[in-house]
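J.: Given only the sequences and the hints, what does the whole structure look like? Please build it.
What follows is the residue order along each chain.
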Amino acid sequence: MSDLFTFLTRMGDNTLVLGHRLSEWCGRAPALEEDIALANTALDLIGQTQMWLGRAGEVEGAGRSADDIAMLRDVWDFRNLLLVEQPNRDFGHTITRQFLFDQWHVAQLDALTRATDAPVAAIAAKAVKEARYHAERSAGIVVALGDGTEESHARMQAALDRLWPFAGEMFQDDATDTAMTDAGIAPLPSTLRPAWDETVRATLTEATLTVPEGTFAHAGGRTGARHSEHLGHMLTQMQWLQRAYPGATW
Amino acid sequence: MSDPKREWPLWEVFIRGQHGLSHRHVGSLHAADAETAMRNARDVYTRRHEGVSIWVVPSAQITASNPSAKGPMFDPADDKTYRHPTFFDIPDDAGAM
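Taken in order, these protein sequences are the chains called A and B. In terms of numbering that gives the first Met the number 0, the first sequence opens at residue 0 and continues consecutively. In terms of numbering that gives the first Met the number 0, the second sequence opens at residue 0 and continues consecutively.
In short, the hints are calculated from the structure, not lab data. Where hints are given, some of them may not hold.
Distance ranges between label pairs, derived from CB positions [stated by the list, open to error]:
| hint | chain 1 | residue 1 | chain 2 | residue 2 | range |
| --- | --- | --- | --- | --- | --- |
| 1 | B | Ser-58 | A | Ala-121 | 41 to 47 Å |
| 2 | A | Ala-216 | B | Ala-31 | 30 to 36 Å |
| 3 | B | Ala-76 | A | Glu-23 | 53 to 59 Å |
| 4 | B | Ala-33 | A | Ala-216 | 36 to 42 Å |
| 5 | A | Asp-73 | B | Ala-31 | 41 to 47 Å |
| 6 | B | Met-72 | A | Glu-197 | 53 to 59 Å |
| 7 | A | Leu-31 | B | Thr-62 | 23 to 29 Å |
| 8 | A | Glu-23 | B | Arg-23 | 30 to 36 Å |
| 9 | B | Thr-62 | A | Glu-197 | 42 to 48 Å |
| 10 | B | Ala-95 | A | Lys-125 | 28 to 34 Å |
| 11 | B | Ser-67 | A | Val-210 | 56 to 62 Å |
Cβ coordinates follow ideal geometry from the N, Cα and C atoms, glycine included.
T.: What follows is the structure in structure tokens.
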């Protein structure tokens, strides 16, 4: 399996899994306005997934479509970050997860617009505009809820404490990353950390939230070595139709 | 019913469809502050590329005419057709009026 294919599935699986997580709020969000906004974001991410996984299928050359890759793989073939497969829990967890991801996503996509690989640069150019809006929105809500009522503050702090150990995986380098960097396609993940730290901490400070001190980082999502138990449960929901009625279309 | 006092304030949303035309009222929404109202307006009312500019205004800031005063307010204009400038030709390059 080529490094480019792995890289493309990492990008596409992040947006697929997070997009599906957000879609779980559809019809259930705390306010109509948030319901629509979350569904919009979910659709943006699924749209990006079609581009990343579609390109992955072309690069692989085995005739698989984006749908095939999304719906017919099992947990161990997914290459998304552990962060994005974490369950929605309450709105505070959903928004905190989104905020931590969006801040990384914008920096990553911004760098990818300068990729030497034309399809990667083109996908990134389209996606980065969407991601910038997602980032503005999630940061705004983090500040509003962190610096909000006693209850919203407590929920946001609990969400941050729980999700912070999942942030480190975004910045771990491996052989695939080195290959992508050498090919002039993607930045080395670790190089995105200082800027991410700076903006994330500034927003969290404005939100009157305390950044957890620990440096422990869960890993195993983007390598596929060890997903959390949540991904399998999510896939049974997401993939059941194609599993029950293979090849179904409408 | 939820307690109306605990609802976010109501905002009226105005969107300009394309350059050269004025903002039009498209609806309303709830939001805690102006920035959130702007983002919500973007998400609720411009999903299908309806606009190039958004205004949000607190609904409480709008002074509306009283429906029961409709007669004295509007009926006197009924029979004054001479106020319609229908006798002028508008040059094409004047654009939208």
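J.: Among the hints numbered above, which are violated by the structure, and what are their numbers in rising order?
T.: Those not satisfied: there are none.
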